[in-house]
Amino acid sequence: MENLVEVKNLKKKYGSKEAVKGISFNIKKNEILGLLGPNGSGKTTTIGMMLGLLKPSNGEILIDGKKIEENRIETLKKINFISPYIELPKKLTVKQNLVVYCKLYNVSNIKNRIEYLTEKLRLENLLSRITGELSSGQKNRVSLAKALINDPTVLFLDEPTASLDPEIGDFVRNFLENYRKDKKISILLASHNMSEVTRLCKTVLMMKDGIIIDEGHPNKLVEKHGRKNLEEVFLKLSRSEYELN
Amino acid sequence: MSLIRIYGLFLRHFYLITRSFPRVLDLIYWPSIQITLWGFISNFFSNHSTYYNNAVGVILTCAILYDFLFRTSIGFNMLFLEEIWSRNFTNLFIAPIKIGEIITSLIITALIRALIGLVPAILLTSPLFGISLLDLGIHLFFLFLSLYIFGITLGILVSAGLLRFGPSFENIAWSTMFLLAPFGCIYYPVEILPEFFQKIAYSLPLVYIFEEARSILIDQTVNYKNIMYAFYLNGIYLVSAITLFYYSFGQARKRGTLINIGE
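Listed in order, the protein sequences are those of chains A and B.
Residues in the first sequence are numbered consecutively from 1, following the numbering used here.
Residues in the second sequence are numbered consecutively from 1001, following the numbering used here.
Honestly, the hints are just simulated from the structure, not real lab data.
Among the clues, some could well be false.
[Stated by the list, open to error] Rough simulated footprint, nothing fancy, chain A against chain B, three-plus residues with beta-carbon under 8 angstroms:
#: 1; region: 1005-1013
#: 2; region: 1016-1022
#: 3; region: 1095-1108
#: 4; region: 1245-1258
[As the list claims (entries may be wrong)] Partial selection, computed: residues in chain B whose CB lies under 10 angstroms from chain A:
#: 5; residue: E1082
#: 6; residue: E1083
#: 7; residue: S1086
#: 8; residue: R1087
#: 9; residue: N1088
#: 10; residue: F1089
#: 11; residue: N1091
#: 12; residue: L1092
#: 13; residue: T1221
#: 14; residue: N1223
For each residue, glycine too, the CB sits at the ideal point set by N, CA and C.
Input sequences plus hints: build the corresponding full structure.
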C-alpha cells in the first residue's frame, strides 16, 4: 500500500540533548498509526517536526511525496492537528472560528464545508455559542471540526479523547474511524489511552528516550511480550531497559 | 501572498473586537483620557510659557501623534500576544499562512485598532480645546504615516522577540515605547538632551517627526528634510525588523519555542 507519510532517520537535538535519535517509519494511506511512549520519549517533538513547527536536526519527512522542509506551506495545506493542549480563540463563536480557519486554509466553499462538519460532528446547536463557554466535550468536537476544515489527507491527533467522558470519547473514536474509512486519510494517533489505540490502530510504534523500541500490531505486541493487553506492554517497555529490535 | 488568508487572520481579530464592547471601550478610553489630560496641561503651558506662546496645542498635537505611535506599536504586540494567551498559537502556525501574510494582516489590523482609539480622541480636541490637528495640513498625513511605520516596526521587533524567547518577552512588549519616549523628543526640542543622548535621538525617526510637528505649528515652516530623514530611517528599521522576524521564526523552529509557546 502507498506510503502517504515517510519519516527517514529523523533527529532533533536541543543543544547537547538529543530528543529524537534517528527514527524512521511510514504511514500508509488509509491507516491509523499509533505513537506510544512515556512522557519525554520524543512523541511531541516528532509530531512537532511533522507539523513544521520544529526544524529537524537531521533526516527528512515526506508528506505525499514532498519534503516538508522544502515545501512547508504546500504541505501544511494537506495536514491538520488536534490536541487538548491547544485551543481555538475563546471569545469567538464556533461559527466565527470555523470561518476564520476556512479562510486561513483557503477553503473554496465555506458554507458547504461548515454545514458538512456541523452535521457530522453534531454542532448545529453550538454554532452561535461562544467557544470559551462550551464544555470540554463540545470544545473537542469543535477542535475536531477545525482539524478537518481543510479536508486533510494526513491528520495528527495528540490525545484526542483526553478529558472526555466515555460517551463522547466513544463518539469521537467512532467518528474518526468512519471518517478515515470514508475519506481514506492517514492518521497519526499519539495517545495514552491503550484501549483506544488497540481499537483504532493496526500498527503502533513504541517510543522511549527518542528511539522506536518496538512496533507492530497491538495484539502481536501483546503476544510477543507475553502480556494481557497493550497497557501492560506499555508498562513493561516503559519501565525496563530496552533492546533495539 | 494570499489575500484570503490575510483577510482570514484579520477577521479573527475583527470578530474579537466586534464581539466585545469592553474591548472597543478600552481602545477608545485611553487615547481620550490621554488627550484630555494633555489638553489641560497644554492649555496651562500655552498661557505660561513663551516657547509655546504662539502655538497653542503643540503639546496636545504631539500627544496625539505619540499616542498614535503608542497604539500602533502596542496594538501589533497585542494581536500577537492574543494568540499566545488564547492558546491558539500552534493552530495559527500549522495553518498554511506565510510569515509575510501574518505580518501584513497584523499591520492592517493594528492600524484599524489605532484608528478606533484615535478618531474619537481627535474629535474631542476641537470642542474641548479649540485645537484641530488638521492645522498641520497635508504634512499631517506624512507625520502619521511615518509614526505608523515606526510603530509597526517596533511591534514587529517585539513580536520577533516573543517568537524567539517566548512569553517571557512579554514585559519587554509593554516597555519598549516608554524606553524610547525620552529619545523621541515628543514634548521638548532635541537640544534639551545631553549630547550623547542627542546622538541616540538622531538615530531614531521620532525626533525628526516631532521636530517637524513643532516646526510647522510654532514657526509655520515645513522642513521636508526632516520628513525625508524620518522616512529614510523608517525604511532601514522596518526592513531590519522584518528580517529579524524571519530570523526569529527560523530560530523558534530550531529551538522549539513554537511548540512551548503554544501550550
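Status of each hint after checking the structure:
1. 1005-1013: Coverage by chain A holds for the region 1005-1013 of chain B (6 residues, Cβ < 8 angstroms).
2. 1016-1022: holds (count 3)
3. 1095-1108: Satisfied; 4 residues make the cut.
4. 1245-1258: Holds: 6 residues of the region 1245-1258 of chain B have a Cβ under 8 angstroms from chain A.
5. E1082: holds (8 angstroms)
6. E1083: Holds, because the Cβ-Cβ distance from E1083/B to chain A comes to roughly 8 angstroms (cut-off 10 angstroms).
7. S1086: With Cβ-Cβ at 5 angstroms, under 10 angstroms, it holds.
8. R1087: Hint holds; R1087/B Cβ to chain A Cβ min 4 angstroms, cut 10 angstroms.
9. N1088: Status holds, d = 5 angstroms.
10. F1089: holds (8 angstroms)
11. N1091: This interface hint holds because 6 angstroms falls under the 10 angstroms limit.
12. L1092: holds (8 angstroms)
13. T1221: violated (48 angstroms)
14. N1223: violated (45 angstroms)
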